[in-house]
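Protein sequences appear in the order of chains A and B.
Going by our numbering, the first sequence opens with residue 1, and the numbers climb by one from there.
Going by our numbering, the second sequence opens with residue 1, and the numbers climb by one from there.
Keep in mind that the hints were calculated from the coordinates and are not lab data.
The C-beta atom is built at its ideal place from N, Cα and C for all residues, glycine as well.
Be aware that a few hints might be false.
Unchecked claim - Which chain A residues stay away from chain B? Per the calculated CB distances, all over 10 Å, these:
(1) Leu13
(2) Val94
(3) Phe138
(4) Asp152
(5) Trp171
(6) Met195
(7) Val204
(8) Ala210
(9) Val211
(10) Val213
(11) Tyr248
(12) Leu286
(13) Leu317
Claimed, not checked - Derived CB-CB ranges, DEER-like:
(14) Ser146(A) with Val75(B): 49 to 55 Å
(15) Gly250(A) with Tyr14(B): 54 to 60 Å
(16) Val19(A) with Leu181(B): 37 to 43 Å
(17) Gly220(B) with Arg7(A): 52 to 58 Å
(18) Ala139(A) with Phe236(B): 28 to 34 Å
(19) Asp8(B) with Leu186(A): 37 to 43 Å
(20) Gly250(A) with Asp65(B): 43 to 49 Å
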Amino acid sequence: MRDFLIRHQTPALLVAGLVIAAALGVLTGNETAQVTLTEMFIRLVVVIGLWVFIGNSGIISFGHIGFMGIGAYAAAWATAEPSFKQIMLSGLPVFLQENQYPFVFAILGATLLPALVALLLGAALMRLAGTAASIATFAVLMIVNSVYANWDSVTAGSSSIIGIPTVVGPWVAVGFAAGAVITAYLFQISRLGLMLRASRDDEVAARASAVEVKRMRLVAFVLSAAIAGAGGGLYAQFLGILTVDPFYLGLTFITLAMLVVGGMSSLSGAVAGVFAVTIIVELLRLAERGVPFGSVTVGLPLGSQEIGLGVLMALILIFRPNGLSNGRELVWPRRAPTDEAAARKAPSAALAGEAAPSP
Amino acid sequence: MGALLTVDDVHVRYGDLVALREVSLSVAQGEVVCIIGPNGAGKSTLLAAVAGGVTPWRGAIRFGDVDVVGIRPEVVARQGLSLVPEGRHIFGTLTVDENLRIGGFIHKGRADAKADYERLLELFPRLRERLNFPAGRLSGGEQQMLAVARAVMTRPRLLLVDEPSLGLAPRIVDQIYEILLDLRRREGLTLVINEQSSNRILKHADRIYVLRGGRIQLEGRAADLADGEAIRSAYFGFGSPATLEGVAP
Chain A
1 MRDFLIRHQT PALLVAGLVI AAALGVLTGN ETAQVTLTEM FIRLVVVIGL WVFIGNSGII
61 SFGHIGFMGI GAYAAAWATA EPSFKQIMLS GLPVFLQENQ YPFVFAILGA TLLPALVALL
121 LGAALMRLAG TAASIATFAV LMIVNSVYAN WDSVTAGSSS IIGIPTVVGP WVAVGFAAGA
181 VITAYLFQIS RLGLMLRASR DDEVAARASA VEVKRMRLVA FVLSAAIAGA GGGLYAQFLG
241 ILTVDPFYLG LTFITLAMLV VGGMSSLSGA VAGVFAVTII VELLRLAERG VPFGSVTVGL
301 PLGSQEIGLG VLMALILIFR PNGLSNGREL VWPRRAPTDE AAARKAPSAA LAGEAAPSP
Chain B
1 MGALLTVDDV HVRYGDLVAL REVSLSVAQG EVVCIIGPNG AGKSTLLAAV AGGVTPWRGA
61 IRFGDVDVVG IRPEVVARQG LSLVPEGRHI FGTLTVDENL RIGGFIHKGR ADAKADYERL
121 LELFPRLRER LNFPAGRLSG GEQQMLAVAR AVMTRPRLLL VDEPSLGLAP RIVDQIYEIL
181 LDLRRREGLT LVINEQSSNR ILKHADRIYV LRGGRIQLEG RAADLADGEA IRSAYFGFGS
241 PATLEGVAP
């Protein structure tokens, strides 16, 4: 058991951190804190989803918020009031119109539908490489947004879906966040994840080692869309009311910012980024609202939140280009100085027999 | 002995640039063949064509009984043909251990992948010392050893090595050659090695091809070419009076 925990200490520490954060939030009894925490955990699920693809394949995706939206609508279709669905969403299949499914089924749908869409789109997209692939994922986001904004009989178009039971609180959200962390970790250390990370480092060598790069990318794309979709499903059942608007550029960039700030090549980085960005945004939001000094309120001008986040990202990219995690995984402090420290201590030994070290 | 690899009248073009023309060669089972030639002679292109990295415009390439022209690199690798690309392509953020294991993934669920792994570490004791190191932090020589070791983990019948000496100190290069030849002695591995310089090659190779300007200029047994004169003239396109007559305008 001890060995098991030491070997898998990264997800264990991350999950422990999440649970402690949730417990602290609930203990304060503060309604706002709990709402903020819940939203943060939901975003964490989405960012972990993003990371499964981006972190392991090295290809930036702008499309995953589209998958989150697909997941959110799938959950809404399953759980909204039948009376509402029959009037407003007449294009839905009858079994969805007439029934109200429980939470578990809603999340299942929110996971499977985006995964299916990702499989179909990814089969074509994963043939592209580098920037072309990234821009194509951006096209996915635009297409999903247009379809969902205009398909009135199924999505209620530009008006909203209401009557979704709000069953997601901090504990449910943290449970899914932990599940996402564990899933992502298992994928990272799996044979598949390893091959995908190899192709991220060097595609030529990966193919020479018989790694089917495109297939690995497609698997990661589908899995990551499923996780992002689950995040969307949670979001729908957290808000209770759903429109298309949130699932577009704003959320795309804030989730990518979280990944960049934390460091996209490590799972711990993805988690750290979500925490860091949420805390900064909340502090700036507080500052915008202002602090009362007697009769006057002193606060930052509106828009400081976005500017502050932009400045933060720029600073991190300048001073820590690999993000807060610096590309490393979280390990228990006592275990940390093993290989890394040995490497630092004896770099001369590593190069001793060598006149020309690597370029 | 039948040829393991046959390259027949291969032409490779990059757009308007013809990188290889009328290249034919054959490699028998268990042989060590070296291809030498100056920068830009087409050596890397030739290996890439064999390994599926580039598709020849004309010509045939047979590996064993299989025509490998137009087959993707990952599929060719599965046939038992492994390329160590030029410039130490290792997986920099993965550990040495992970780099090696990826080489072994090619044989799904094979029980003796573990035995291969142990056997390799005996050949590469320096890698064993650094198993949990990120490969990107190894020295140049260690990275080259890792690239070779990873290729050997795929249990190839034919190993192609593109300029193993590039940018490395002579002593390290000697070590790498010792390991390669050791592999050949122990397991009958067939080797094709690209090099720019012939000195080391003459000692180790069975046969030599000299490539210049995309054409094979000279082919022969290493023993017959030992004085280096014929190689020099083929390599530079001039040198001894005998060949000067042939190529002078």
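Outcome of the hint check:
no., hint, in the structure
1, Leu13, "holds, 19 Å"
2, Val94, "holds, 45 Å"
3, Phe138, "holds, 26 Å"
4, Asp152, "holds, 45 Å"
5, Trp171, "holds, 35 Å"
6, Met195, "violated, 6 Å"
7, Val204, "violated, 5 Å"
8, Ala210, "violated, 4 Å"
9, Val211, "violated, 6 Å"
10, Val213, "violated, 7 Å"
11, Tyr248, "holds, 32 Å"
12, Leu286, "holds, 38 Å"
13, Leu317, "holds, 19 Å"
14, Ser146(A) with Val75(B): 49 to 55 Å, "violated, 39 Å"
15, Gly250(A) with Tyr14(B): 54 to 60 Å, "violated, 44 Å"
16, Val19(A) with Leu181(B): 37 to 43 Å, "violated, 57 Å"
17, Gly220(B) with Arg7(A): 52 to 58 Å, "holds, 55 Å"
18, Ala139(A) with Phe236(B): 28 to 34 Å, "violated, 53 Å"
19, Asp8(B) with Leu186(A): 37 to 43 Å, "violated, 48 Å"
20, Gly250(A) with Asp65(B): 43 to 49 Å, "violated, 59 Å"
Hint check: violations occur at hints 6, 7, 8, 9, 10, 14, 15, 16, 18, 19 and 20; the rest are consistent with the structure.
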